[in-house]
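Novice: For reference, the chains in residue letters:
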Amino acid sequence: MVKIAPAEITPEHVFLNRRQFMAAAGVTAGSLALAACSPATLSNTSAPAADAEPALTRALGAEKLPEALSLAEPTASKSQDELGDPLNQFQEITNYNNFYEFSTNKEAVASEAAGFNPYPWQVQVTGLVNNPLVLDLDDIYKRYTQEERIYRLRCVEAWSMVIPWVGFPISALLKDADPKSDAKYVRFVTVYRPDEMRGQRSSVLEWPYQEGLRLDEAMHPLAILGTGMYGKPLTNQQGAPIRLVVPWKYGFKSIKLVVTIELTDSIPATTWNDAAPNEYGFYANVNPEVNHPRWSQASERRIGESGRRDTLMFNGYAEEVASLYAGMDLSGNF
Amino acid sequence: MSGRIRSDERSSTMGYLKEHWFWWAVTLGALTPLALLGWRAANGDLGVDPVNTINNLSGRAAMIVLLLSLACTPLNTIFGLRRALTVRKSLGLIAFVYASLHLVNFIGLDYGFDFGLIFQDAVLDKPYILAGGAALLILIPLAITSTRGWMKRLGRNLKRLHRLVYAAGVLVVLHFLWQAKAAEREEPLIYAGVLALLLLVRTPPVRRWLVAHRTRLVGPKLPRVQTMPQTKPIKQSGD
Chain A
2 MVKIAPAEIT PEHVFLNRRQ FMAAAGVTAG SLALAACSPA TLSNTSAPAA
52 DAEPALTRAL GAEKLPEALS LAEPTASKSQ DELGDPLNQF QEITNYNNFY
102 EFSTNKEAVA SEAAGFNPYP WQVQVTGLVN NPLVLDLDDI YKRYTQEERI
152 YRLRCVEAWS MVIPWVGFPI SALLKDADPK SDAKYVRFVT VYRPDEMRGQ
202 RSSVLEWPYQ EGLRLDEAMH PLAILGTGMY GKPLTNQQGA PIRLVVPWKY
252 GFKSIKLVVT IELTDSIPAT TWNDAAPNEY GFYANVNPEV NHPRWSQASE
302 RRIGESGRRD TLMFNGYAEE VASLYAGMDL SGNF
Chain B
18 MSGRIRSDER SSTMGYLKEH WFWWAVTLGA LTPLALLGWR AANGDLGVDP
68 VNTINNLSGR AAMIVLLLSL ACTPLNTIFG LRRALTVRKS LGLIAFVYAS
118 LHLVNFIGLD YGFDFGLIFQ DAVLDKPYIL AGGAALLILI PLAITSTRGW
168 MKRLGRNLKR LHRLVYAAGV LVVLHFLWQA KAAEREEPLI YAGVLALLLL
218 VRTPPVRRWL VAHRTRLVGP KLPRVQTMPQ TKPIKQSGD
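Chains A and B supply the protein sequences, listed in that same order. When you line the first sequence up against my numbering, it's residues 2 to 335, in that order. When you line the second sequence up against my numbering, it's residues 18 to 256, in that order.
The following block holds chain A by itself, in its conformation from the complex (with noise of 0.2 Å):
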């Protein structure tokens, strides 16, 4: 019988895990400055086409990671995105989520989301891989540089906000756990804990959680898991400990407190498109030219700005993505 060690499930456990990952966090700032910046790293990890190099390096955003992680403050290395407009406020982004889990109203995810208690935590990355792994966080911020990235967030709904996370290229972790041949998607899996996560008890959606990602979706370099933002580790409502960020697509890919990552040789079910399949495509690359059967997606509303402004194909990241989807009907594919 496996005894569980008392060090795991003892509220020092968080506090510890929260004091590794800024420590962790902190002693990378320096080498950070090199590892986002610098294209030979990035191709280290991913290998992106060489003539999307220029835009890879453009798109990720910081040059370095804000030294002071240990600080109250919200901390970011620059005040504005590639594209010159200004990062949402750590007010905002961490007072509106779409999180059902806790809430459908953005706005009160923060307070049902303010008492639960993650940890402690751990990812299992299984499936077609010849190097299954468990990892707890300390696991994860010590085999992996925390990186800031930032990035813009568009909703399926229609509104966005930039955002500095700080976290980790998914390829790192599946090149880790080494996929099979015959590896095609990434399912990732958020956690089941209905008595602590009231949403898990109604019936708004199937749980628990469901998304996935092509392979090559997954490895691309702009996907990253995120821990953190604006310096700090995530806050619950954006899904703390861990979570997935594609800023390509639309934000409902970007599944949180991610607990499983498996590796499938077919498509995997995710839970927007079992909802309403017609609405929600496994793909949900954020597209100015396919309405969703609602709504145009032609423009967004950025929060903390009036009026609207034009959506960008894949989110403004088509210079870094668009070969993924080369010879695709994005129409069909919605």
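For the record, the hints were derived by calculation from the structure and aren't laboratory data. Here the structure is a predicted model, which is why all the values come from computation and not from measurement. Think of the CB as a built atom: it goes at the ideal place given N, C-alpha and C, for glycine as much as any other residue.
Some but not every residue of chain B turned toward chain A, in silico, with C-beta under 8 Å:
#1 G64
#2 V65
#3 D66
#4 L126
#5 D127
#6 Y128
#7 G129
#8 L134
#9 D142
#10 Q196
#11 A199
#12 A200
We have chain A already, so just place chain B on it with the hints.
Specialist: Relative to chain A, chain B alone:
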């Protein structure tokens, strides 16, 4: 309207309130969300997304108040609650105020008065906008003709014209239903159910059946309900 109330006024304020407390309570109650919204706006307390806050509050208030105004006539027909007729017009006008706020927020704050974009992005691609817009278009002549002058001028045609409110009700429910996510159709479906019920009890066979049963139970206290109370001018209700 205030002129009419004054004409009914008794010598004392108490008498006036005794006569009109229901109208004031319902009217002020229906305007409370608007006052709260104004208070929140004045304090910069409209949340992370004020456009969305105003949109949801004004839209929901318009929907609910319109349903309440549609409930007045059946409340009188079925339950003999004659007071309900006194607030019908007031509720209809307040629903129109909320719907107008909803539209102004949509055009001004959401779309920044970019009419080209509204036409292309909203009207052509969002069917629920068309339904909502049509509902508001219908409510405009109903609001205009709610003055005493127009009521006199239109006579019996007023009743015919104001039957358009049923179409507006259906369009508003469709508007709400069409914009809702599949997972969140519960609330609009509740309104749809309420509206269906309110329209159903207006159909002659159902109304006759309900009135007959009501009369058998509580006696024929209100013979005039047989003459379709929604056709009566409001001023009779204050008798």
